[in-house]
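Participant: Read top to bottom, the protein sequences are chains C and V. Plus 47 on top of the position in the first sequence (first one is 1) and you've got my numbering. Plus 47 on top of the position in the second sequence (first one is 1) and you've got my numbering.
If you're looking for bench data, these hints aren't it; they were derived computationally from the structure. Treat the hints with caution; some may be incorrect.
All copies of an identical chain are treated as equivalent in the list; a pair is satisfied when it fits inside any one copy or across any two copies.
[Stated by the list, open to error] Cross-link-like lysine to any residue pairs, in silico, SDA-like; alpha carbons within 25 angstroms at most:
no.	residue 1	residue 2
1	Lys348	Pro338
2	Lys254	Ser244
3	Lys348	Arg204
4	Lys254	Leu352
5	Lys105	Glu316
6	Lys348	Gly148
7	Lys254	Asp311
8	Lys105	Gly125
9	Lys173	Arg218
10	Lys348	Arg329
11	Lys348	Arg127
12	Lys254	Ile76
13	Lys348	Ala247
14	Lys348	Ser158
15	Lys173	Phe207
16	Lys348	Phe207
Every value quoted in this text rests on a predicted model; they were computed, and no experiment measured them.
Below, each chain spelled out in residue letters.
2 protein chains.
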Amino acid sequence: MEMWKDLPGRVEINEVGPRDGFQAEDDFIPTDRKVELIDALSRTGVAAIQATSVVHPKAVPQLADAEEVMTRIERAPGVRYTVLVPNLRGAERAVPMHADGWELMLSVTDSHSISNANRSTEDALKGMEPVAALARENGVEAAGSMATALGCPFEGRVPFERVLYVAEAYRAMGVYRISVADTVGVADPRLVHEIMSGLAERLPDVKFGLHLHNTRGMALANVLAALGAGVTEFDSAVGGLGGCPFAPGATGNVSTEDLVHMLDQMGVETGVDLDAMLAVSREAREVVGHPLESAVLRAGKSGELHEAPRAQAFGGPR
Amino acid sequence: MEMWKDLPGRVEINEVGPRDGFQAEDDFIPTDRKVELIDALSRTGVAAIQATSVVHPKAVPQLADAEEVMTRIERAPGVRYTVLVPNLRGAERAVPMHADGWELMLSVTDSHSISNANRSTEDALKGMEPVAALARENGVEAAGSMATALGCPFEGRVPFERVLYVAEAYRAMGVYRISVADTVGVADPRLVHEIMSGLAERLPDVKFGLHLHNTRGMALANVLAALGAGVTEFDSAVGGLGGCPFAPGATGNVSTEDLVHMLDQMGVETGVDLDAMLAVSREAREVVGHPLESAVLRAGKSGELHEAPRAQAFGGPR
Chain C
48 MEMWKDLPGR VEINEVGPRD GFQAEDDFIP TDRKVELIDA LSRTGVAAIQ
98 ATSVVHPKAV PQLADAEEVM TRIERAPGVR YTVLVPNLRG AERAVPMHAD
148 GWELMLSVTD SHSISNANRS TEDALKGMEP VAALARENGV EAAGSMATAL
198 GCPFEGRVPF ERVLYVAEAY RAMGVYRISV ADTVGVADPR LVHEIMSGLA
248 ERLPDVKFGL HLHNTRGMAL ANVLAALGAG VTEFDSAVGG LGGCPFAPGA
298 TGNVSTEDLV HMLDQMGVET GVDLDAMLAV SREAREVVGH PLESAVLRAG
348 KSGELHEAPR AQAFGGPR
Chain V
48 MEMWKDLPGR VEINEVGPRD GFQAEDDFIP TDRKVELIDA LSRTGVAAIQ
98 ATSVVHPKAV PQLADAEEVM TRIERAPGVR YTVLVPNLRG AERAVPMHAD
148 GWELMLSVTD SHSISNANRS TEDALKGMEP VAALARENGV EAAGSMATAL
198 GCPFEGRVPF ERVLYVAEAY RAMGVYRISV ADTVGVADPR LVHEIMSGLA
248 ERLPDVKFGL HLHNTRGMAL ANVLAALGAG VTEFDSAVGG LGGCPFAPGA
298 TGNVSTEDLV HMLDQMGVET GVDLDAMLAV SREAREVVGH PLESAVLRAG
348 KSGELHEAPR AQAFGGPR
């Protein structure tokens, strides 16, 4: 099998902890802490940071300080700062923030779209057209997110044609960067490979990234499958921050440090300094005040050697 | 990429929880509970169960009841029952147990071998020759385990030549089934693919299986890489039981249910009934009295659908 020959040599990490993670916390994280964490993330080498969201503050009070966050963070050269934009009202709020990009967000399945945003996918797509136009007018790159593309908590598996339809609709409004989301962590490597290969084949001028949750332990296997399909953009959250309202006991986004650690080990470049990211993860753990779903944060890096202990008393292997 | 075309259609699961898992618990698990759990595992469809170990009871008191366990379990047809055999004294103890197989155990790296078993790898190999011979005399299949083959806590990465050397030594004593172990959970998919492909190429008459720990979250990615290298035998432990003395905060073996769940989703047959395995996992959780490292036990299966809730009050996507 020619599994490794075709792996990309470099991928880009889009850090989504400040948006997808902070909004999942029960408590409001003080703006000072948010700004500190985003600034620390800016120094890790990530390609992009989804810094906040202009969703209605009543819907997501945890991110009601979006304006202040975007004003106060120190933008590092080479890092793309984006905000999540759910609708035109949010987009109008986003214009003065001067983000590098907007991430438009909608669900590929109607049931999830209706339960989450009170509108069908079709209506959500129509609602995004003026948002994409406003982005263009303001010289902001509009990217699109496709929630539930890799599985829906209400409908299960999503036909490829449905995913393709939404991707084509995004493309028709000038969106050429699309994040394919496994919102509830149900995707398996074969599905990821099929969907990502299929999208790349059908829409070669669109850059498709992957947004994974580690709910069923498959996130890094899915990364591997996606690499094999030529995917070079991955969303992840420091410390595995983030939750999922419809999967009790579920874990959050794939942790940035676990992702970078695996890619480092495999010789796939990310530009991210793993030690710096682990330091931010420890900081994030203090800020949120609970253990994080990050294997490398718990266990340390693969390369860390231990001193050999003395021989055991009773010669039996354990 | 032809990633999927060559995947095996069926793999065998070797359940190691009763040995690798129970020995890692601080408390002695009562023999009754062990027998119940092994009998429950016998009904899940696993190909093999590593039921216990004949290591010296002073070294591993948790498995001091090996004889009683092997006598009292109800052996299901089609399931291979094995015991771990560390040395000749253990092998002599194992003969009357009438196991289907013995798993010979040694470390590929000297530092780990010395710290764990008070002898070099070379000495351990010499010590295994009479064990393999005794197995043959008694009509028992001798399999070999190669601890630290995919990484050593004291030496780091292990050269392929060293792994091959130990595999060849096993083969020379008539051992044609070898488990390649990532004892401390440091392997990455590229390494797994390289080592497993290399071994299969150099020793095509030996059946190589993989023994993974999920310490750094890469276990299922490593499974995927191994499938790509043609591996069809995997060790795993119900509930992810098992620990690692040299990696604080580390998780145990890859959980059988997480492994089966991913393979089910991918259409790779295991013969294991996932619901039955999840039931055993819940039972095991009660027996050990602490949470288990099992994503699917926590989050449920990918295919479980939820009822769509009513639309949210404030129309903003989360």
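Participant: Could you run down the list of hints and mark each one as holding or not?
Facilitator: How the hints compare with the structure:
Both within a single protomer and between protomers do lysine 348 and proline 338 lie at most 25 angstroms apart by alpha-carbon distance, with minima of 18 angstroms and 24 angstroms respectively. Taking CA atoms no more than 25 angstroms apart as the test, lysine 254 paired with serine 244 passes inside one copy only; the shortest distance there is 12 angstroms, against 33 angstroms between copies. For the homomeric pair lysine 348 and arginine 204, the shortest alpha-carbon distance between copies (13 angstroms) is at most 25 angstroms, but the shortest distance inside one copy (35 angstroms) is not. Proximity of lysine 254 to leucine 352 under the C-alpha cut-off of 25 angstroms is found in neither arrangement, the shortest distances being 39 angstroms within a copy and 30 angstroms between copies.
In the homo-oligomer, the alpha carbons of lysine 105 and glutamate 316 never lie at most 25 angstroms apart, since the shortest distance is 40 angstroms inside one protomer and 48 angstroms across protomers. Taking CA atoms no more than 25 angstroms apart as the test, lysine 348 paired with glycine 148 passes in neither setting, with 33 angstroms inside one copy and 35 angstroms between copies. In this assembly of identical chains, lysine 254 and aspartate 311 lie within 25 angstroms of each other by CA distance solely inside one copy; the values are 23 angstroms within and 30 angstroms between copies. With identical chains, the CA atoms of lysine 105 and glycine 125 are never at most 25 angstroms apart, being 33 angstroms at best within one copy and 59 angstroms at best between copies.
In this homomeric assembly, lysine 173 and arginine 218 come within 25 angstroms of each other (Cα to Cα) only inside a single copy, at 13 angstroms, whereas the closest approach across copies is 66 angstroms. In this homomeric assembly, lysine 348 and arginine 329 come within 25 angstroms of each other (Cα to Cα) only inside a single copy, at 14 angstroms, whereas the closest approach across copies is 31 angstroms. Neither within a single protomer nor between protomers do lysine 348 and arginine 127 lie at most 25 angstroms apart by alpha-carbon distance, with minima of 28 angstroms and 36 angstroms respectively. When the C-alpha separation of lysine 254 and isoleucine 76 is checked against a cutoff of 25 angstroms, the pair qualifies neither within a copy, at 33 angstroms, nor between copies, at 53 angstroms.
Neither within a single protomer nor between protomers do lysine 348 and alanine 247 lie at most 25 angstroms apart by alpha-carbon distance, with minima of 33 angstroms and 28 angstroms respectively. Taking identical chains as interchangeable, the C-alpha atoms of lysine 348 and serine 158 lie at most 25 angstroms apart only when they sit on different chains, with a minimum of 20 angstroms there against 41 angstroms within one chain. In this assembly of identical chains, lysine 173 and phenylalanine 207 lie within 25 angstroms of each other by CA distance solely inside one copy; the values are 21 angstroms within and 57 angstroms between copies. Only between protomers do lysine 348 and phenylalanine 207 lie at most 25 angstroms apart by alpha-carbon distance; the minimum there is 21 angstroms, versus 37 angstroms within a single protomer.
Checked against the numbered hints above, the structure violates hints 4, 5, 6, 8, 11, 12 and 13; every other hint is satisfied.
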